[in-house]
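In order, the protein sequence lines correspond to chains B and F. Residue 108 in the working numbering sits at position 103 of the first sequence; the count goes up by one each step and never skips. Residue 225 in the working numbering sits at position 220 of the second sequence; the count goes up by one each step and never skips.
Calculated from the structure, these hints are not laboratory results. All figures in this text were calculated on a predicted structure; none of them were measured in a lab. Among the hints, erroneous ones may be present.
Just so you have them, the derived chain B footprint on chain F, three or more residues with Cβ under 8 Å [as the list claims (entries may be wrong)]:
#1 27–33
#2 39–46
#3 68–78
#4 94–102
#5 116–126
Cβ atoms here follow ideal geometry from the backbone N, Cα and C, with glycine treated the same way.
Number of protein chains: 2
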Amino acid sequence: MKAEILAVGTELLLGDVVNTNAQYISKQLAQLGIDVYYQTVVGDNAQRLEKTILNAFERADLIITSGGLGPTEDDLTKETGAKYFGKNLVLDQKAMDMLESFFKRLNRKMTENNAKQAYVPEGALVMYNKNGTAPGVITEENGKILVNLPGPPRELIPMFEEYVKPYLAKKQENIFVSRVLRVAKIGESEAENMVKNIIATQTNPTIATYVKGYEVVFRITAKAKNEE
Amino acid sequence: MKAEILAVGTELLLGDVVNTNAQYISKQLAQLGIDVYYQTVVGDNAQRLEKTILNAFERADLIITSGGLGPTEDDLTKETGAKYFGKNLVLDQKAMDMLESFFKRLNRKMTENNAKQAYVPEGALVMYNKNGTAPGVITEENGKILVNLPGPPRELIPMFEEYVKPYLAKKQENIFVSRVLRVAKIGESEAENMVKNIIATQTNPTIATYVKGYEVVFRITAKAKNEE
């Protein structure tokens, strides 16, 4: 399976926030043996978001988005995803109930625009949010899977663990395990020269070299059958 | 000016590294009043890198890349950039001298593949690297500017400060200053409701709301003439 990771939020394009979600999701997908070919960040802009989703689905089977599920006018991710699949947004009563009790618990007034968070693309799998207001959704049709996760990592990570990981694991024939070997005292070019033959001939496990900070690193990745 | 930020490196797509460079560069460009519409991460893959550059230059005037300037076979950023502009790579003697003395200083053997770092696109501005081996380059032609920076932040940041910032500042008519106002005790939707009229009518400064961790934030941005 080929995947792309798409973070939505102008705050990322302004440099106010580091995109740690992309790292977290990439790492998870690598373990599941799902190839990530692109990470993209796009602002809260309907037209560019739509283009990005169209473009990504031309290259990939799976898009995982983060952000843009909130209550405000510029939260557009779910709407844009629904449009891609030609789905209407319909009320999910459980999501609405959770939303209402969330505000009750915090003793906060629930403004009208909050209700939009309880609307989900028809037929989507709803991922209820225990750590915030916006549920996530998974829409799958014709071999294309769109996973919409909320932006805050404290919401995104538990939702990924609970819903997305098992959902994707079921589809994977193989899993992957990587070990990183830190190499001291030599540069990347020298290190690469040392393992050149292995890089060229070895297919399982594979080996790759790169520089991480001041270190040269060998990344060794083995593939095995997924028993799940 | 419209910009895109492009990080090159499979380690980012595997989730081994967080893309802090994108945040740093985005922040710098915001201050210069340069709009960033997309951040992209692509692996060390010639074909996808080339496609990404082509695609980005269809939408933007400026691309700033990080990574892929090293000595190994999969470091392809400079080569791909040169190809886009139809330029040959030529030896930069000063870069070669710096490279040789870098290895002498460290008492390390300079392997043959290191020499490729001293080759730059013909006519490019060479950004000498005081903190590593790979020089950066700026290529500008027909209104398209490609800035290639090395991946490690300890090399990228001083190079941006010394070369890229003044290079771009000269082209900017306006500069921008942002202040962030942290809002307590209310949710994003309620906060947005409070400033809805300002958002709709105000053009300088502008105001935007978003959630950052547990906080709601107002971002106020003012535009002024660049005196540089």
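Tested hints:
Only residues whose C-beta sits within less than 8 Å of a C-beta in chain B count toward coverage, and the segment 27–33 of chain F has 7 of them, enough to reach three; the restraint holds. Counting residues of the segment 39–46 of chain F whose CB lies closer than 8 Å to any CB of chain B gives 6, so the stated coverage by that chain holds, three being the minimum. Requiring three or more residues with a Cβ within less than 8 Å of a Cβ of chain B, the coverage given for the segment 68–78 of chain F holds, as 4 such residues are present. Residues of the segment 94–102 of chain F with a Cβ under 8 Å from some Cβ of chain B number 0, which does not satisfy the need for three, so the listed coverage is violated.
Counting residues of the segment 116–126 of chain F whose beta carbon lies closer than 8 Å to any beta carbon of chain B gives 3, which meets the minimum of three for the stated coverage.
Of the numbered hints stated above, the single one contradicted by the structure is hint 4.
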